[in-house]
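Using the sequences and the hints, build the whole thing.
Number of protein chains: 2
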Amino acid sequence: MELVDPHEIAIRLSRADLKVTPQRLTIYGELLERDDHPSPESLYHSVRDDLPKLSLATVYKTLDALEGAGLISQVSLPNEAKRYDANLEPHHHLVCTSCRKITDFNDKKFQSLEVQHTESGFRAHSIQVQVLGLCELCQKALQTHKSDGEGTMPSTFYNTTEEKNG
Amino acid sequence: MELVDPHEIAIRLSRADLKVTPQRLTIYGELLERDDHPSPESLYHSVRDDLPKLSLATVYKTLDALEGAGLISQVSLPNEAKRYDANLEPHHHLVCTSCRKITDFNDKKFQSLEVQHTESGFRAHSIQVQVLGLCELCQKALQTHKSDGEGTMPSTFYNTTEEKNG
DNA sequence: CGGCCAGATAATAATCATTCTCCATTGATC
DNA sequence: GATCAATGGAGAATGATTATTATCTGGCCG
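As they're listed, the protein sequences go chains A and B. So the first sequence is numbered by the working numbering: it starts at 1 and just counts up by one. So the second sequence is numbered by the working numbering: it starts at 1 and just counts up by one.
Any given hint might turn out to be false.
[Said to hold, decoys possible] Computed Cβ-Cβ distance ranges for the label pairs, DEER-style:
1) Leu137(A) with Asp17(B): 30 to 36 Å
2) Asp36(A) with Glu80(B): 22 to 28 Å
3) Ser14(B) with Pro90(A): 43 to 49 Å
4) Asp17(B) with Ile11(A): 24 to 30 Å
[Stated by the list, open to error] Some chain B residues flagged as far from chain A (calculated, every beta-carbon gap over 10 Å):
5) Val4
6) Arg34
7) Pro52
8) Ser55
9) Arg100
The hints are simulated quantities; they were obtained by calculation from the structure and are not laboratory data. Glycine included, C-beta positions come from ideal geometry on N, C-alpha and C.
As structure tokens, this is what we get:
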């Protein structure tokens with residue numbers, strides 16, 4: 001996603017009043033390099049080459065700290081482990097309901113949505129949009145294996161606000 | 001939310017090829033009457049007057065079955081238990097980041113969002129919008145207790161796609 | 001009417017993600 | 001170098017959810 005050198009990462013940590021440690025440099029650096037919105041587990045496995053002694057709990061703590069400091073954010077799906085995102089620019093997500101890949105997604109129409117709603121006294125401060133569907137690979141896979149009875153499709157995932165086109 | 005008589009509920013279950021049982025009638029009926037998007041736990045407690053022997057696992061299974069049949073949907077928040085919604089009309093949600101109340105939300109601008117995106121081959125089929133902010137009660141509570149250092153605000157909840165107004 | 005089958009339910013154990021507890025380590029400051 | 005606070009590691013504990021297994025219920029066949 002972004003190529004950020006360790007020094008820059010260190011600066012960001014310091015600015016956020018987080019102590020600069022190898023664990024944080026590595027985990028945050030890894031997250032910055034990836035654009036697949038990894039889970040804590042996934043990050044844990046990714047950085048074990050660099051930090052063989054790292055414990056999973058530390059990954060969780062580090063991600064909590066980074067999120068608390070506003071350096072990263074969560075992009076979580078129902079019925080799944082947390083996923084994290086180091087891209088702080090306002091953007092939304094394409095979510096593949098088959099392989100669950102999450103892709104960043106920018107669109108003027110969505111970008112410009114205002115959140116000044118005061119319905120029933122609610123004061124909005126941000127908005128999240130998730131576009132659900134099938135990524136290119138899963139479309140192909142489903143076409144190829146159509147005779148399998150669509151078994152690749154998870155049975156219960158995201159039923160809210162289906163478009164009514166049928 | 002809706003007042004649906006047991007007979008109507010029974011019809012819906014039958015149409016969905018679900019056997020009509022007291023548990024399902026009660027749980028689905030309860031969910032239809034509520035507009036707070038309850039969790040399985042919450043539903044479990046709500047219906048214990050009617051079904052004292054009900055087990056929590058049955059609530060989960062019933063909700064799974066109803067969701068699988070397309071009669072209800074999930075509205076889940078990160079770091080929380082599942083929440084369910086019996087309102088199948090296309091709509092979105094206002095989420096209070098303090099008390100986590102979820103309110104249904106309809107807006108033409110959001111309603112009309114098309115999901116014909118084919119970015120990088122992605123085929124969209126539905127869209128979810130969550131508007132995050134503070135409900136009326138929590139706004140008041142925060143104003144009243146301002147001196148408490150905003151302690152009412154959960155530290156980590158939904159950092160994605162903050163509006164940049166400040 | 002009594003037994004049988006399928007699906008539904010209850011009770012309980014198991015699983016998974018996540019968090020907590022407790023102690024060791026580190027780094028900054030004196 | 002000693003001290004204090006923050007951090008990290010190991011593993012236990014927690015909470016939500018799911019799986020397992022046995023029990024129950026209601027329709028159907030004789």
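Results for each hint:
At about 32 Å, the beta-carbon gap between Leu137(A) and Asp17(B) stays in the expected band of 30 to 36 Å. The beta-carbon spacing between Asp36(A) and Glu80(B), approximately 24 Å, falls within the hinted interval of 22 to 28 Å. Ser14(B) and Pro90(A) have their C-beta atoms about 46 Å apart, which keeps the hinted 43 to 49 Å range intact. Look at Asp17(B) against Ile11(A): about 60 Å separates their beta carbons, and that is not inside 24 to 30 Å.
Every beta carbon of chain A lies more than 10 Å from that of Val4(B), the smallest distance being close to 19 Å; the non-interface claim holds. With a least beta-carbon separation of about 16 Å from chain A, Arg34(B) lies farther than 10 Å from that chain, consistent with its non-interface assignment. Consistency note on Pro52(B): stated as away from chain A, and its beta-carbon is indeed over 10 Å from all of that chain's, at 28 Å minimum. A cut-off of 10 Å between C-beta atoms confirms that Ser55(B) is not in contact with chain A; the least separation is 20 Å.
The beta carbon of Arg100(B) is kept farther than 10 Å from every beta carbon of chain A, the shortest such distance being approximately 13 Å.
Hint violations for this structure: number 4 only, all remaining hints satisfied.
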